[in-house]
Amino acid sequence: MSPETLLLATLIIPIVTAVAIYLLDAVPDLREASTLIGASALFVTAILLVASMDGGEGASLNLGQAAPGLEFAFKLEPLGALFALVASGLWIVNSLYSIGYMRGNRERNQTRFYMCFAIALLGAMGVAAAGNLFTLFIFYEILTVSTYPLVAHKGDANAQRGAQIYLLTLLGTSIGLFLLAIVGTSTVAGSLDFVPGGLLNGQVTPLVGSVLLLLFAFGIGKAALMPFHFWLPNAMVAPTPVSALLHAVAVVKAGVFAMLKVAAYIFGIDLLRDLPATDWVLAVACFTIVASSLIALTKDNLKARLAYSTVGQLAYVTAGAMLATQAGFMGGGLQIAAHAMGKITLFMCAGAIYVATGLTEISDMRGLGKRMPWIFGAFFVASLSIIGIPPLAGGWPKFQLLLGAVEAEHTYVVWVLLVSSLLNIAYLLPIPILALFPPRGTPEPAPYKRPEGAPRLVVIAPVITAAGTLVLFFAMGAIAEFILPIAGGV
Amino acid sequence: MIEAIMASSPDFLLRHAPILLVITPLVLAGISSFMPNGRLAWCLSILATAASTICALVLLGEVQTTPGGVVSYALGGWAPPIGIEFRVDALNILFLLLITIIGFLAAIFSWPTVAAEVRQEKRALFYAAYLICFTGLSGVAITGDAFNLFVFLEISSIATYVLVALGGNRDRRAFPAAFNYLIMGTIGATFFVIGVGFLYAATGTLNMADIADKLAQSGSSRTAQAAFAFIVVGLGIKAAAWPLHLWLPNAYAYAPSFVTMFLSATATKVAIYALVRFAFTVFSANIFDPGTDFVFLFGPLAMIAMLACSFQAIFQSDVRRMLAYSSVAQVGYILLGVSVGTAAGLSAGLFHLVSHALLKGALFMAVAGIVLTYQGTRISDFAGLGRAAPLTMTAFAIAGFSLIGMPLTAGFQSKWLLLQAMLDQGWGFAAAVIVAASILAVIYVGRVLQAVFFQPPANPRKVRQEAPLILLIPLWIMTLATLWFGIQSGTVLALTNEAANAAIPMIEGQP
Chain Y
1 MSPETLLLAT
11 LIIPIVTAVA
21 IYLLDAVPDL
31 REASTLIGAS
41 ALFVTAILLV
51 ASMDGGEGAS
61 LNLGQAAPGL
71 EFAFKLEPLG
81 ALFALVASGL
91 WIVNSLYSIG
101 YMRGNRERNQ
111 TRFYMCFAIA
121 LLGAMGVAAA
131 GNLFTLFIFY
141 EILTVSTYPL
151 VAHKGDANAQ
161 RGAQIYLLTL
171 LGTSIGLFLL
181 AIVGTSTVAG
191 SLDFVPGGLL
201 NGQVTPLVGS
211 VLLLLFAFGI
221 GKAALMPFHF
231 WLPNAMVAPT
241 PVSALLHAVA
251 VVKAGVFAML
261 KVAAYIFGID
271 LLRDLPATDW
281 VLAVACFTIV
291 ASSLIALTKD
301 NLKARLAYST
311 VGQLAYVTAG
321 AMLATQAGFM
331 GGGLQIAAHA
341 MGKITLFMCA
351 GAIYVATGLT
361 EISDMRGLGK
371 RMPWIFGAFF
381 VASLSIIGIP
391 PLAGGWPKFQ
401 LLLGAVEAEH
411 TYVVWVLLVS
421 SLLNIAYLLP
431 IPILALFPPR
441 GTPEPAPYKR
451 PEGAPRLVVI
461 APVITAAGTL
471 VLFFAMGAIA
481 EFILPIAGGV
Chain G
1 MIEAIMASSP
11 DFLLRHAPIL
21 LVITPLVLAG
31 ISSFMPNGRL
41 AWCLSILATA
51 ASTICALVLL
61 GEVQTTPGGV
71 VSYALGGWAP
81 PIGIEFRVDA
91 LNILFLLLIT
101 IIGFLAAIFS
111 WPTVAAEVRQ
121 EKRALFYAAY
131 LICFTGLSGV
141 AITGDAFNLF
151 VFLEISSIAT
161 YVLVALGGNR
171 DRRAFPAAFN
181 YLIMGTIGAT
191 FFVIGVGFLY
201 AATGTLNMAD
211 IADKLAQSGS
221 SRTAQAAFAF
231 IVVGLGIKAA
241 AWPLHLWLPN
251 AYAYAPSFVT
261 MFLSATATKV
271 AIYALVRFAF
281 TVFSANIFDP
291 GTDFVFLFGP
301 LAMIAMLACS
311 FQAIFQSDVR
321 RMLAYSSVAQ
331 VGYILLGVSV
341 GTAAGLSAGL
351 FHLVSHALLK
361 GALFMAVAGI
371 VLTYQGTRIS
381 DFAGLGRAAP
391 LTMTAFAIAG
401 FSLIGMPLTA
411 GFQSKWLLLQ
421 AMLDQGWGFA
431 AAVIVAASIL
441 AVIYVGRVLQ
451 AVFFQPPANP
461 RKVRQEAPLI
471 LLIPLWIMTL
481 ATLWFGIQSG
491 TVLALTNEAA
501 NAAIPMIEGQ
511 P
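Going line by line, the protein sequences match chains Y and G.
Using the numbering used here, the letters of the first sequence map in sequence onto residues 1 to 490.
Using the numbering used here, the letters of the second sequence map in sequence onto residues 1 to 511.
Note that these hints are calculated values from the structure, not bench results.
Quick caveat: nothing in here was measured; it's all calculated off a predicted structure.
A portion of the hints provided could be inaccurate.
[As the list claims (entries may be wrong)] Sample of chain Y residues facing chain G (criterion: CB under 10 Å; computed from the structure):
no.	residue
1	Gln65
2	Ala67
3	Phe134
4	Gly155
5	Gln164
6	Leu179
7	Leu180
8	Gly377
9	Phe380
Cβ coordinates follow ideal geometry from the N, Cα and C atoms, glycine included.
Next up, chain G with everything else stripped away, as it sits in the complex (with noise of 0.2 Å):
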């Protein structure tokens, strides 16, 4: 399929193929703000994304062919170090298909809940705001200027806090939610742009691998130490490892149901990969071990995170809220993945990533249906929906499966390739945080699913009626899958296992 698409894109496309990517939704985010109504504006916003996806594509098939596996895009033909670099490699290519893919899915999806809980003369700002957090994203996860990445991750973060208070027309609490998430996000923000003003002082350039280059030259100093410690909490904070990821469950909650399922999906997953891009090459020479250094930051902070929210998971009555303490347990799974600090290890808890982005997409797409046709999110409220709606529940429940890595699921292939990057560093107290996770996730998801199928409904007069065809495609496609990637899992495996690639030999090549 990459083949057909690099043969039958035009020459244009494949030179331009990064910058298109980025450049095409924030063009169309200024349009579609112009727009007379919302349908509009979603039109433009599924024009926009499906766009990125094929550029996302068509990188991928050049970062396959190319020698070396990099792709580079120097802005406005200023020559890297001193310009704006773009830079695709086997890690961040894997990260743009997610979010371009996902964002399309999500963009599709959008229509009805956003009818439904957006006001009409907002609509088309709503997707405006939308495509500028999908720009900030995709930006992110394809720049190699370590400034330019926090410019992005500023544009995705704003419109995000503008994403989470248009809830505030459906449950009010969105409005405070929304201002705790821009606290913490814009200090997380601050964190990072002091830790590179300290890398710029430490090296007099901002190009990530450059930077990279001069620090394995100058060797370890306490600048760049120092900028080592911000970046890695700044980012933190954006990615909700936990004890940073205080403004997580309540951002989920009370968002617009829409934002709730794309962020979920996307946005911590984006700072995930850029703490993986600064760890593993930026500073992979000199201050970052990766045997040591993340093994004794982030494994513990991880294990707490896996088995702390998840209980805290099992306590809730909110399905949002409880999915959302969930996302900030799963973040642990990938940090600990990554901890390990082998190719194994990160390969793992990269595809943990990608099957927790599928799955808890999948989720929220359910639940955002449920809201749509029934409006409650109590576990209550989701009571013998399994006789009102079975097509959509019924995602929910393998979607579920998958959350809590049951076989023939993505879930349980990443579980699985966690538990083997454990064992195989003889760390069997990991392991057996891994599956204790995996059982409280049994008693969460369990809660709900038997509410689902096995309780009698709340309100007896409610009628069968599922989620929108709209909504019911996308959501079919995530859990069919979540369902194919376990039961095929070579595709992802092989993605996984080329970033693991890319940002493993850096560091094992050191003495």
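Chain Y extracted, bound-state conformation (with noise of 0.2 Å):
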């Protein structure tokens, strides 16, 4: 097949397998397994179109346009291509274990949540393969609304509250910001187009160039920049499948993709090092790194704990596209991949625990290890990986981003890095620790809700993801190499 017709396909088959979903709603497990079918199709098409990429050009697509200079345009670029591999791979593993945890949860409504999360797939690789910004802002806002319905999922008072948060600050940062910085650039710019070493490059005064800047920053509310991360923390009333899938992975990363993506092909490393408000937004992202492990710590319910965490790990990737640097939109990359595989497997741990025990609060979980110990294995093994121990996934990222620091001069980020890393090791390895090795006088902790523990698939998708954090490591110089195009480097 054609590159053309592959990049079509990542956008057909999510659709078709939402309709075949939604056609086999009274077969549950066929319904399952389209689902699952779908993914590994989605997959292998990802892992076939980054084959079909020649030296950093990908396939290209135009499906016509809305209105002139609005043009409904895909290219795929070794950035997109990497991010519809990690959403499309973990798809999968997050199918399998969605699975398990719906059905050992008995939850119900499960027909509109397959579908929508193949519906939120589409958005993702939407935002991965789009050409241009008005592309991708569609298949943003996408990805927007078809998680809202996830998030309330439960249905509960609690559940619509968050997901309303959800909603309104999502499409309120989109429409009130994203959207007026990417009509500013058009107005600016002419043109949409994401263009290597930036579109506006030469094209802007400092002042127009910093509100822009300014605008997007914020406007991506899905990278969650404080003062906007309060949605993200609220989206974990959604199932834990959800959490772990959109909420660590498809959602978040769409966002600081977009913001990489818009920092490396729209304004580009010469302008942003030029602009006065590069340096505000690093600022800014650095508070957020700091501020939000600090509340992390604070927080004993365990998903709230690694939403936070998430909000910090996310900013790492704004910090590294602040920094202007080659090392810094190279670590910005690589964290995209390494915090995927290490914070899903986290999420389905915590759900995992609920599923078997019901439990939510950290300080309930002591001793827990005995009887779930690949469980909390998995975790420790995950939360090495988000704090940046070698050899795990997440260690490439964080040096890169030390690299970038040094060589931006910015001494302040390389000691919010260190003491980031302190605080994350402080916030996420006293959980498997003190279930695994409690310490003595340490009552029983509640017996299984479920009789039988855990679902055989909910232990066996965390398991997979951490080995994958190791795995990750060895890989990570060769996506390196791959994406380095993205950073004006050859």
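Join the two chains, each given in its own frame, into one complex according to the hints.
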């Protein structure tokens, strides 16, 4: 198949999957099978697409235009290819996990759940492959709207409130700031295409450039830069598979991916280095990194702690982009992949604990490791990866970011990164350690809610991704070489 | 398609399309009032609106093929400026198409709701009133004579008062609403006719093109300025421009469902047309300066309308009132586009006008379908209807997304164009107001959608029941149109660009 066909297929497969899920409403086994088939087909397509790429140049596709200058254009570049691979690959693992989780918990409205999941993946694929800002914005909004029913899944007052905050923050920032930034870009530059080296480079005054950069940085609400981060903890009312794939991978990574892409292809390293606002956004990102880690320390609810951890880890990517150096960009790009693998594991572990025991608070989980060794083992490995300890995937991006900070002569960023790693240790590691090696005199944890413990699929999935963090460490060199073109390298 | 219609239409139609467009519904209105039952009158109304739609399509072909882009028709053979002239150019063909096509779809959709909401013996008369209203609106859009425009405006308004008052059968609050509308509407019409009187005093002619020429020669005068002020206020009332909109929310909320749907999509739009026509073409010489007058006059009012009425919409518990407040806010968007005074701004405003007509029509159609099967119009009555009437409510949701301005809908395209027109002029503040009002729209549309799709039904005994097919088909045609114009806005954009260019060059040609 030609690369163009493959690119089209990445958009069509999720749609077909969603339709199939809808039609198979009455036959749950086939419905779940179609999710798995769709996810696998998407992953294979993404791999073939990446294989067809040639030195940073990927397939491109034009599906016509909405109006002059507003084209539905797709063009795959290395960063997008990486994001597409991560999202589609983890969709398979997550689908296995979802099946175990949703059945284990006897959740209602499962057809709607799987359908919205497939459409959310359509959004993620579209964001990954978008060839201009207009197309990116469309799929960004599809992602927002399609995940709303997933967040509101439980349907009780709490879930509805969380989902309202979720939708309002994401739509509010995207319409109020992101859209304004896009129209502004189109007015200034007369185009919306992603141009290597930066569309706006050499076309804007520092003032206009700064205003646009601020609008982009805060308008891409999915990147969860403070003060627009609060939707993410609120989205934790969703079932855990949603938190795992969407709020650790697809949705939030679409945000930071868009941020990196805007930084690399709309502004470009050279322009970013000259804009005063770059330093401001960098400072906000650094503040977000430290502040969210501190907040995470205070949370006893496991998912809330993980959510704040995500806020901080996402800000690494934004910080990487705002360092405006090659190493910074690389660090940001690698962080997308590394954090995805690690955080999905942590969330899946949290869900496994919940399905088996009904526990949500960290303080209740002491000593639970004896009964769930695999889960807490996976949790331990993934925690180390998030902290950034080699030989796990998370080590690479942190190293690159440090390099970038030194290169950009931002000494305070080096300190922020070091302090953050220490804070990561403080809020993540006690969880598996206290579970696996409880201090003497710890009372026995509550018995299983489900007599047979966590369903097998729910245990297998996080173990796979935990192993993935190890594998990814050794693949990072190849990935780094692959995405080098975004940073203007050859 | 236009060529095919042009080629197959007889010479008679080609020559007399302007008058046929108006006279067919007027004659059929008279006939339908004698019909023994409502169903025959309904068929006549479909026939009449279909005939007018064909005339409008033929006229579109003529406008596009005539050099200069103006089709002039002298009534009774009396040459203008002595006689009355029907004058169609790129600006008003847009409105003629809008009125006739939506009028046609509305006519098809009307029967089930009219049968449910209007008493048996009044149905034939109801359709007669509808056709008269339709005649009046298309007459306003087609005529080239200022006084004749007043006559058509009153024809449509008086018919509208009757139509709104007929809602009293369902909810007696329709009577005071219709009465308020009558008082406000009559004041508006009076202001307008006083303005036309001043114009006649200043120029000695009533033909709009002729007035423009005479004003260009004679220069500005107190009389002409007074005429401008009266006409703008008079039409502002009809267009429900903030703060002259107070008649609208109640009239929309208590009129029969079908009437609300038709009015929301056409009536205020026609008044906006007349406003644009007078400001940009009649007064363009010497009196009206698009760079300043509308900027200071309508710009701030439009922004207040967008914010204040969107805010009010959030607190409505009745879906129709909520949509009515939203309509006033949308009029604000349109007038904001118009007030920029550039071709891009005018085109964006007109595009928003078209997209809003389609989506608001679709929203009110969906509400009408719900009223028909489930009675209530409060948001709490809509709870859980996503399961009970998925087809109706999906259309409602799509139109609602368009109202917010989500990508892939016509509403997004129009907001995009508006934002671009604002930023082109350096109006960052206006652009901020546009997005702020859109966020308010997220809240008020979201409230309804959340009730529809995520709340348990208020009354669990409600069975699954869609609106009748005859209602669903026009609803989905309009819904798909909002989607289609969001994905392929080229057709509409070409029309609005031509319309804006027809209005603007007369100004830009000036020193």
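Hey, does the glycine 377(Y) contact hint survive, CB to chain G under 10 Å?
38 Å, violated
Taking 10 Å as the limit, does the beta-carbon of glycine 155(Y) come near enough to a beta-carbon in chain G?
6 Å, holds
Against chain G, is alanine 67(Y) within 10 Å by beta-carbon distance?
5 Å, holds
Hey, does the glutamine 164(Y) contact hint survive, CB to chain G under 10 Å?
7 Å, holds
Does the nearest C-beta of chain G fall within a distance shorter than 10 Å of the C-beta of glutamine 65(Y)?
Since chain G brings a Cβ to about 8 Å from glutamine 65(Y), closer than 10 Å, the hint holds.
Can we keep the leucine 180(Y) interface hint, with Cβ of chain G closer than 10 Å?
At 6 Å from the nearest chain G Cβ, leucine 180(Y) passes the 10 Å test, so the hint holds.
Have a go at the leucine 179(Y) hint: is there a Cβ in chain G nearer than 10 Å to its own Cβ?
Holds, because the Cβ-Cβ distance from leucine 179(Y) to chain G comes to roughly 6 Å (cut-off 10 Å).
Hint check, phenylalanine 380(Y) versus chain G [nearest Cβ-Cβ separation less than 10 Å]:
38 Å, violated
A closest beta-carbon separation below 10 Å is what the hint needs, so does phenylalanine 134(Y) meet it against chain G?
Result: holds, 8 Å to nearest chain G Cβ.
Violation of the numbered hints given earlier is confined to hints 8, 9; the remaining hints are satisfied by the structure.
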